[in-house]
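Enquirer: Protein sequences appear in the order of chains V and S. Just so we're on the same page, our numbering is the position in the first sequence counted from 1, plus 4. Just so we're on the same page, our numbering is the position in the second sequence counted from 1, plus 151.
Just to be clear, a hint being listed does not mean it is correct.
[As the list claims (entries may be wrong)] If you anchor each label on the Cβ, the simulated ranges turn out as follows: (1) A300(S) to L207(V): 38 to 44 Å; (2) Q197(S) to V88(V): 54 to 60 Å; (3) L207(V) to D298(S): 56 to 62 Å.
[As the list claims (entries may be wrong)] Covered stretches of chain S (chain V as the covering partner; in silico rule of three or more C-beta atoms under 8 Å from a C-beta of chain V): (4) 196-209; (5) 291-297; (6) 317-324.
Everything labelled a hint here was simulated from the structure, so no lab data went into it. Cβ coordinates follow ideal geometry from the N, Cα and C atoms, glycine included.
What follows is the residue order along each chain.
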Amino acid sequence: MRGFTDTLRRELRLALRQGGDSLLVVMFFVLVVVLFPLGAGPEPGILSRIGAGIIWISALLAAMLSMDRLYQSDFEDGSLELLVLSPAPLEIVVLAKAAAHWLTTGLPLIVASPLLGLLLNLEAEGIGVMLVSLTLGTPALSLVGAIAAALVLGARRGGVLISLLILPLFIPILIFGVGAVDAALLELTYRPQLMVLGALLLLAAALSPWAAAAAVRQAVA
Amino acid sequence: MHRFANPTRFVRLAGRVQPWAAALALLCLGAGLYFALFSSPPDYQQGETVRIMYVHVPAAWMAMFCYVVMAAASASSLIWRHRVADLAAKATAPVGAAFTLLALVTGSLWGKPMWGTWWVWDARLTSVLILFFLYLGYIALQNAFDDPARGARAAAILAVVGVINVPIIKFSVDWWNTLHQPASLTRLDGPAIHSSMLTPLLLMALGYTALYVWLAIIRMRAELAETKIRAIRYRQASGTAPAPQES
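Can you make the complete structure from the sequences, with help from the hints?
Expert: Next up, the structure:
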């Protein structure tokens, strides 16, 4: 537990001192969402129909782009090796890193999303469910991303590579996240989708620290 | 299994298996294609286009089979540092990706006369497409490192993570499909398949499997030979082995 809180505190402090990073991710998120009406046309009907998908896909891309923040600088300055050698179990350390990643990127995205929902003409009911689905889904993105980000450490063209690894794994989260909002907009029951999202989050929280720790070990070995 | 962790023993066995696998593959594929293209009846609904099935369905089976083999081999290479399992996973990936692509392309060619379109976002098609991307990611990750051992380990972890995800992706795509479009496609599983069609289908499946074994053995032997050559080169460069005589 000490290992978890200590790592979390360290990561958050680093993120705060470097500042700006979280803001950049949110700006990217907003910009991608703004591009969609320009590409798909400004009709409110179309936008409110595909709005949930737009916001979810943009959130996926923003989360993916910020994945290199998980380990890259630690890998370059050697502190990742110290973290591997530390007495705290590496599984706990990567869990804390994923939690910090979510707090610094996932949470700001969730805060920004209702405003974007309004811009895309989403109904209030849909926005509420979207907030819940993003809250359940984005931590799972950070957890799955923690595996892929460790796998590409030191790879050539790691930035492009990570998208190829990560996006197929994000598909279930996308499907159920958008599915919940669509069901709410159609005034159907959206509980099952949210419950599956919750199940995916629990599964990711239980399994991905092991895989991510194995990935970090092979990266610094 | 651990008997064959020794590459020398593996190479000896592989050399013995390879001609048999090759013969079985050529025989089954030849006979299967003959039955499939000439001596099986056309379908009463689909006409001659049903012959695409004999290429398509076994390819889709092999696409999944190869992924499972790859993940199992990756897991054993991670757990036991099994050198030959590592090679097997590496050799399986491109063959599996090729079978997946074959299934996608023939499915698309089959879809045009049957459904009137090259592609529908049907649950099955979509999940095979995602499987194809999983293969590509695996291959790309493997080749992304200067140190091949590092690439093999990273890719092995990815394969194991992927195989846990495949059922989840399959389930979610099925869900998504029923949410977005009700089942409207005519599917093949109406009447039980007649033996005149089943025979070529099974022959093709067996032929594909033998072809996979054949190709995998060739790739694994080539990989082992490459490692050996590289070791000899290193030794020459460091001056501990005599250079081979000029010829």
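Enquirer: Check each numbered hint from earlier against the structure, then list the numbers of those it violates in ascending order.
Expert: Per hint list: 1, 3 and 4 violated.
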